[in-house]
Amino acid sequence: MPWDRNQMAERAAKELEDGMYVNLGIGIPTLVANYVGAKDITLQSENGMLGMGPFPFEGEEDPDLINAGKQTITELKRTAYFDSAQSFGMIRGGKIAVAILGAMEVSEAGDLANWMIPGKLVKGMGGAMDLVAGVGRVIVVMDHTNKHGASKLLRECTLPLTGKGVVDLIITNLGVLEVGHKGLHILETAPDVSRDEIRTATEAAIV
Amino acid sequence: MKKIFANATEALDGLLRDDMLIAAGGFGLCGIPELLLQAIQDSGVKGLTFASNNAGVDNFGIGILLETRQVKKMMSSYVGENDEFMRQYLSGELEIEFNPQGTLAERMRAGGCGIPGFYTRTGVGTQVAEGKEHKDFGGVSYVLERGIFADLSIVKAWKADETGNAVFRKTARNFNPPAAMCGKVCVMEVEEIVPTGSLDPDHIHLPGIYVHRLIQGEHEKRIEQRTVQKKETA
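Line order of the protein sequences matches chains A and B. Take the first sequence: its position 52, counting from 1, is numbered 52 in the working numbering, and each next residue is one higher. Take the second sequence: its position 13, counting from 1, is numbered 13 in the working numbering, and each next residue is one higher.
Be aware that one or more of the hints could be misleading.
To be verified - Label pairs and their in silico Cβ distance ranges:
no.: 1; chain 1: A; residue 1: Leu187; chain 2: B; residue 2: Gly114; range: 24 to 34 Å
no.: 2; chain 1: A; residue 1: Arg195; chain 2: B; residue 2: Gly114; range: 52 to 62 Å
no.: 3; chain 1: A; residue 1: Ser194; chain 2: B; residue 2: Glu220; range: 49 to 59 Å
Please keep in mind that the hints were generated in silico from the structure rather than gathered at the bench. Quick caveat, the model's predicted, so the values are computed rather than measured. From the three backbone atoms N, C-alpha and C, an ideal C-beta is built for every residue, glycine too.
Modelling step: build the complete structure from the supplied sequences, incorporating the hints.
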């Protein structure tokens, strides 16, 4: 059985270690926060906050307190606020240990495409290019194939890149793959998913 | 020199002209200089270029200047929460220069610090680095990005004293300090002007040297994405 969204998030949470400062993207990556358990993890929101808390209770929303997805959130005892230049300074400076992001395509060399589809509406890259270029380790969480059943793990990305050679680990509904020197390595398979099934569903070189 | 003005229109008097570059603070609708944007709409000034992370929504933020066709170009990292923006963008009436969010913030900060350019790994190997100078440091390629030197900065803070020393609140700080720094003139709107001496000097987020004109006013502070959790009923 391939993993569902929550199981992918749960698997991604295993990559986080006690004491880490982490940035979570929108979508499945956001769910990772539900599975950190007893580990001491501090979440960064790149608009200018460390120590991001959960959504507020109804009636307690604060327009001055939002996350990078512009959703209302809350602060924690450990929270610190800063401006966006300092926020991306800590990202660019390698102080954030891990970023967990969604993707449209990942290449076997770790190239990442997740910000635009030519011919479709382009809304911008936000902080994604800064994050993938700056943080210590980039983990992509996404479905292994697209709506049409085609592999999202490719020899070369076809879409405009967010970063070149930036992805370290890919967690899909079928398994966990590491970006190695000459291609992807299968580290783990989802329950009852075989390595051959992953190979068949993958265009990128698996070594 | 007195920095306090009666309202946004008076605070902008003599500062606005067609085709100028304005750096604006705010992220989404959080911490945007909503009163100054309204006064810019009222002034009718045209052909504006905005360095601003986002472009507002319909009827709020920079969105109100799009309705009146006062904006020529946006330098932003994320746009399109806004129907009128997308219409003008797709029809070619509005130019957009996409900047990675951190590069945009650093371009403002650098401009404010008198730094005309800096090298960053952000964007190397992507469209945003095309045509820009690259340089290797320790075997790693970096791209040259330029500081932003704006004609005018418009920003929003929570409180300021009469000399412009400012304090922001929570994530409403965002782009406001770097945007404030990079303009030849900076106009700041706040929720409350407090007597000089009443703010703890150790707790100032932006020193008044960056703030030339100051107004106090009522802010709507609209929420873009209201997300909540239900209280458990025991």
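Hint by hint, here is what the structure shows:
With their beta carbons about 48 Å apart, Leu187(A) and Gly114(B) fall outside the hinted range of 24 to 34 Å. Look at Arg195(A) against Gly114(B): about 57 Å separates their beta carbons, and that is inside 52 to 62 Å. The given range of 49 to 59 Å is respected by Ser194(A) and Glu220(B), whose C-beta atoms sit roughly 57 Å from each other.
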